[in-house]
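Participant: One line per chain: the protein sequences are A and B, in this order. Residue numbers for the first sequence follow the working numbering, beginning at 1 and rising by one. Residue numbers for the second sequence follow the working numbering, beginning at 1 and rising by one.
Because the hints were derived from the structure by calculation, they are not lab data. Glycine is no exception: its CB is placed at the ideal position from the N, C-alpha and C atoms. Do not take every clue at face value.
Only pairs whose alpha carbons sit at most 25 Å apart, straight line, appear in this in silico DSS-like list of lysine-lysine [claimed, not checked]:
1) A:K282 x A:K192
2) A:K303 x B:K129
3) A:K424 x A:K303
4) B:K122 x A:K448
5) A:K631 x B:K122
6) A:K631 x B:K129
Listed next, the stretches of chain B that the computed footprint assigns to chain A, with coverage defined by at least 3 CB atoms under 8 Å from CB atoms of chain A [said to hold, decoys possible]:
7) 51-61
8) 115-128
The primary structure of each chain is shown beneath.
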Amino acid sequence: MSKDDADNGKLVGRRNFLRGAATGAAAGAATIAGAIPGLAEAQESGGKTIAGSGAKPGAVPAPTAAQLARETGAVEPAGPAGQTVVRPGSDLMVETLKQMGVEFVTSNNGSSFEGLQESIVNYGSPPNTMPEFVTCLHEETAVDMGSGYARATGKPLVALLHGTLGLQHASMAIYQAYYGGVPMIILAGRDKGFIQAHTADDMASMIRGFTKWDAQPKTLPEALAALQEAYRQATTAPTGPVVVILDTEIQKEAAGSLQVPAFKPAVNKGIDAATAEALAAKLLAAKNPRIAVGHLRTPEGVKQVIQLAELVGASTATQATAGPMSFPNRHPLCGPGAATDYDFILGLETKAADAAIVGPEIGTTVATRDKGGIGFGGLVPTQPGRTDRPARGKVASEVYPVDAEASLPLLIAAVQKGLTAAQKRAASTRAQAHAPANRTASQAAVTKAFAAKKTGWDNSPVSLFRIYAELWPLLENEDWCLASPTAFSGGHHAALWAHDRPYSYLGPQPAGGIGYGAGACGGAGLAARGKGRFVVNIQTDGDMNFTPGVLWTEAHHRLPVLSIMHNNRAWHQELMFLEFMAGARGRGTDRASIGSTLRDPFIDYKKMAEAYGVAGEGPIEDPTLLQAAFKRGIDAVKSGRPYMIDVVTQPR
Amino acid sequence: MIQSQTLRAAAMAAVFAAFAGAVAAQPPGDPVRGKQLYYNNTCYGCHGFQGQTGARNLVGTNSPIIADPKTFLAFLRDRGSYAPMIPSTSMPTFPAIAISDRQAMDIYAYIKTFKLDSPDVKDIPLFAKIQSSAGAPYKPGK
Ligand SMILES: Cc1ncc(C[n+]2csc(CCOP(=O)(O)OP(=O)(O)O)c2C)c(N)n1
Ligand SMILES: [Mg+2]
């Protein structure tokens, strides 16, 4: 307590301002409160709290007179002795974000960061640019958008949340970002002088167990340093969400002549030069080298691994059909290659190799973060889950536990240095042979997919395979990003589509949390906007209904997101579980639809979209209508508008 | 895929064929009632509305389980008992209190109306398009 008092004494904060105002406004407040049903009572007990008498320990203090006055607009702007603050601390915070290249602040507004919000929208030339304030209708959306954006770009944005409330609304999304190792900066405003229920002594502890790092700076210089450190922490392996709690006083205090310190970006640790040379030598000595690529951190890493593979003429394995930042899957080197007798496999962020460079996983932060010993499953060893399968295939015995992407420059340099003319010729010969073999493999995958999945081609409701097939010819010459998780809709893009960009497919819900998809697609929309790119969202209906307000954000911010409903009118995964359960108990499945279907009434997604300002069409049940609808949708998103196509589908 | 499905179905059918001997012969069912039962009992949830999508196709698999009504009924009644024996997915068991013999025959009659009506790949222009796209020269993404 004394610490807080000391802090506040130093700053001319609203807390002190409110204290003064409380007594002065008391008489007026009675009238105001009287006009608002239910507030008079609250005001009274709140007054007692401020006066320091009669409040029961643990009782929730109600708004004070001054707070009420403020809520009803009858209050002067907060500032030292009523003066205008010329250079408020939050302007410097905005400068700090600018300097680090933070493009967006996703947020649902709250008074605990009114200072910072005001700076974002008004400070800088032009204002509200780098970062731009992205209006979200739910904090879960703010964070899910952060995940979609970060997965598409490899960069964090800022999710700005209101105190204890905003953090809790956002918490599942933060949890997923943590599981996914998604870099993100979460800022939460803290206003100790305002509504008590929105503040806490150690707010970050609510989400500490599933974030990588947090800070609660006490001064403005500390706050600026904390923002910079947050960026570094978020983008250093293991990447993940980080938190800075920003006291409202620090946002509002006059910064005087304080300058934003120079930003030193994160340094990710890669292999050392000797290891790079040893690995390069193995790649060069191999007759049939191979590079297995998992998920790197950024598009730059993808560029470099392509360079490495091309230098040595190695065939490559990719995870591009499972998530972002992997090797382009229709690159001539990608696939099984001309022969599968690989004599050396180098793994980059995957252990399916002979030697592997695999950076630290987010789970390594559990020991320092999960102080309460919650023991989140999947991060700490628990029992294998129902759907876990034992690992198959090769597992590297030689593992370097450092960031693969950061290792690439040295590795490439070592290869370039060691490469003899003969090796160069051999690499080129290998590459020549791999290309047609890999092309054949890609085509075989298409043939196999059609053979297995074309049943139901003409079905109504529409088969999911058909949706993916109808889409591809419309996408292949476009710059697109498939941002929705696709497991429930069959993941048919894996065989049918080319995943040739770092952001071609952004991957599943990191912790299996439903509701992620809609928000993540909005965030990918932020990454795509203004770049001639658009987002494809195969949107399940259950997921859509958690935070449908993201549709408004897409309309408002002109995000090019094409949402195609996988409308099976159910939380179908759960329906199947319930059917099996009822069956296993011999009670029949005729009531399994209770609680697991979205019927009676059916939801109209065209109208839902339109209500939020997104053009839409449907429901479509006839597959022959898909092609024209998809064309209209793509035209719309290419003009910079979101679009919704409701397709009633087969369940799976 | 289809091939391995057939093999697995054949293994199961051997089990159920023996069991089917104990099942009484049934009068043929009514596909119209069967359609409603197929929906109400959420069979569509795992087999698709036309038996052509989902966890397991009911057409084009040459499955002996639906080759005759008795094997089908035996399978419906006792699938659960064999679940651990055969790499199991999630087909529930349906005892007579859940689906009567008569209803089962109606469902069977309905299932038998399912046709493998998807066109041949050569008659799906998109197949050729997607094929050629997979073999097209690489266009590096940005
Ligand atoms: C936040 C959250 N709540 C509940 C679940 C349990 N759950 C798993 S799958 C699923 C159904 C999802 O429905 P939908 O998004 O429509 O996909 P479908 O299975 O119908 O294809 C639910 C509710 C979850 N994973 N996450
Ligand atoms: Mg659904």
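Participant: Can the stretch 115-128 of chain B be counted as covered by chain A under the rule of three residues or more with Cβ-Cβ separation shorter than 8 Å?
Facilitator: With 8 residues closer than 8 Å to chain A, the stretch 115-128 of chain B meets the three-residue bar; holds.
Participant: Would you say the stretch 51-61 of chain B counts as covered by chain A, given the rule of at least 3 residues with C-beta under 8 Å?
Facilitator: holds (count 7)
Participant: Does B:K129 sit within 25 Å of A:K303, going by the straight-line distance between their CA atoms?
Facilitator: Violated, at roughly 29 Å.
Participant: CA of A:K631 to CA of B:K129, is that 25 Å or under?
Facilitator: 17 Å, holds
Participant: Given the hint that A:K631 pairs with B:K122, test it: the Cα-Cα distance must not exceed 25 Å.
Facilitator: Judged against 25 Å, a Cα distance of about 24 Å means the pair holds.
Participant: Would you check the hint for A:K424 and A:K303, treating anything up to 25 Å between C-alpha atoms as holding?
Facilitator: Measuring from Cα to Cα gives roughly 20 Å; hence the hint holds.
Participant: Assess, step by step, whether the Cα of A:K282 is no farther than 25 Å from the Cα of A:K192, and give holds or violated.
Facilitator: 60 Å, violated
Participant: Can you confirm whether the C-alpha distance between B:K122 and A:K448 stays at or below 25 Å?
Facilitator: 14 Å, holds
In this structure, the hints that do not hold are numbers 1, 2, in rising order.
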